[in-house]
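One-letter residues, chain by chain:
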Amino acid sequence: MSSREYRKGYMGIIDDRLNGLLTKISLLKSLLEDSELPSSILKGIVNSLTEIEEETIEKQSLYNIAQKLPFKDWALKRILDSLPTLYARLFRLNAAYSFLKTYSYQQKDPDLHSFNTVMKQFTEELCDLCSLNMQQVLPMISYSYSCWPLSEIPFYPVFIPPCDSNFPNPWVILAHEYGHIYYDTRTDMISRKLLPEINDVVQRRISQIVSDTEAYTASREAAFIWVKSWTPEFFSDCFATRILGPAYVALSNLELLGDETEVFPPSHPPPTARINFCLTALQNLQLEGMAHYIEQLTEDFREVNRLPRIETDGSRKLEIFLDQDILEKCFRLIEENVDIFSIRQLWPDILKAKERLSVERRIDSHSQLVPQICAAILLKERFPIT
Amino acid sequence: MSNCIVEIGLTKYWQLIKDLEVTDNISKIANDALIAISIIKGGYTPEDEAAKLRLETKITEAMKLMDKAAEAASTRLTKGEIPLEAYYVSYFISDKFMISDAKELKEVIQDAIKELEDFIETKEKPIDHAIKLLQEITRITSQEREKSLIELSGV
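Protein sequence lines correspond, in order, to chains A and B. Quick note on numbering that gives the first Met the number 0: the first sequence kicks off at 0 and runs consecutively. Quick note on numbering that gives the first Met the number 0: the second sequence kicks off at 0 and runs consecutively.
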């Protein structure tokens, strides 16, 4: 291929990609125009889409300038390299649109009628306990328990696997997901106050315990992981514990243990550290009548913890990230920033529901669902909703 | 309670989406600055003041991000707002260039800022160091984006 042809091809690619992007944007826009989604939701997506469109048009004008330059290759290469970011943003909006449509279809699906009714009630109660706006949470059936932030749009699809649509005990895990939403809605305060403090605690301590030559690199790596990934996870665990109390910890105990990962850097803190923190948060609530459950959960946790650990390169590296001094200080800071204690009001209702459930052995859909589901977990049983 | 066991993805996707947002924000700023630099260095003469300013703004945005990253590089930072983007940038640079000293990392970033400042002023002074840093940032963010998208798409 001659140099001339190469240049033509190169510019052709940029041209095609920019035009392709604009076509995709306009196709998504026309889908949105025809959509029956509420205007409040549509507005957010359309605004974000318009931003991407404007940026693409700007890239086109830069491309037009660059093609006429005496030394253009480098500028053209840079413009080409900048396009995947725009595609990634479009990917997020495509995902947002598809989730919103799925939610809208599932709401109308007769097969999901009873799930939708019960889930609506559960979401309402949980949002109330979490001080979240129910309109922002869109629960739907999907393949796993998770929650997605939809970028600039203040809506959060929350997913529940179909196998659990009729047996609600595991739904309490959603309190952790709601913790992420709560964290997300307070990003400004958290990045101004909590994250710098966590950063300082981690870096300061690791600089003390690691040899001089490695201290800075190790402390930066640890602080990066704490700030980026672990703080929101611990925050959401503490949040869920303060919303649902021992029921959340009992379910986490079950779900998280044995879920050790060898991937480094880890996206989540090790399960043992998470459960330990949940137990501490539970203990610090000092709620009457809870001591027995805390003892039982601590004992279960101790039993599993007695099993021999398999050491890996990742787990050895993590040890310094989990220094006792770091854990204690960071846990305290995170606890101070979770300003919610709904379990205090909920706890007497859970105890009452526990008594009733052990006799009636069914969850009554005409009564509050959250206390009944928490009670079922404490009874270590599953009951149908009727 | 074994009958309660469920398969839980927990918040893996949350983190992937958030990572994608943060790395894309960084990538956009660094890439736009590189486009502006390459167009100016490529011999472009802006037709008017507005066109000149548009290009210069792209470079100053990158300088602002680097300035925050230099702040985030300090080991004893306890005050002020640190956007996650700044954390990521300072971590990427220290990791990529294997800089194991806070002071040195801060200097490396500040040198790049100074070069960009001079470039805006004179359009002539060399800015090799700043370009290298911005290029590394775009390379790493692009790798991170690939990883996130592959995981999110389940490919």
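Honestly, I wouldn't trust all of these hints.
Claimed, not checked - For lysine-lysine, the following PhoX-like pairs were computed, each having C-alpha atoms within a straight-line distance of at most 20 Å: (1) K76(A) x K131(B); (2) K113(B) x K102(B); (3) K227(A) x K95(B); (4) K131(B) x K27(B); (5) K192(A) x K227(A); (6) K113(B) x K63(B); (7) K105(B) x K122(B); (8) K40(B) x K76(A); (9) K51(B) x K67(A); (10) K67(B) x K192(A); (11) K227(A) x K146(B); (12) K227(A) x K67(B); (13) K67(A) x K40(B); (14) K76(A) x K67(B).
Read the hints as simulated data drawn from the structure, not as lab findings.
Hints and how they fare:
| no. | hint | verdict |
| --- | --- | --- |
| 1 | K76(A) x K131(B) | holds, 15 Å |
| 2 | K113(B) x K102(B) | holds, 16 Å |
| 3 | K227(A) x K95(B) | holds, 18 Å |
| 4 | K131(B) x K27(B) | holds, 16 Å |
| 5 | K192(A) x K227(A) | holds, 14 Å |
| 6 | K113(B) x K63(B) | holds, 12 Å |
| 7 | K105(B) x K122(B) | violated, 24 Å |
| 8 | K40(B) x K76(A) | holds, 14 Å |
| 9 | K51(B) x K67(A) | holds, 17 Å |
| 10 | K67(B) x K192(A) | holds, 16 Å |
| 11 | K227(A) x K146(B) | holds, 16 Å |
| 12 | K227(A) x K67(B) | holds, 16 Å |
| 13 | K67(A) x K40(B) | holds, 13 Å |
| 14 | K76(A) x K67(B) | violated, 28 Å |
Hints 7, 14 from the earlier list are contradicted by this structure; the remaining hints agree with it.
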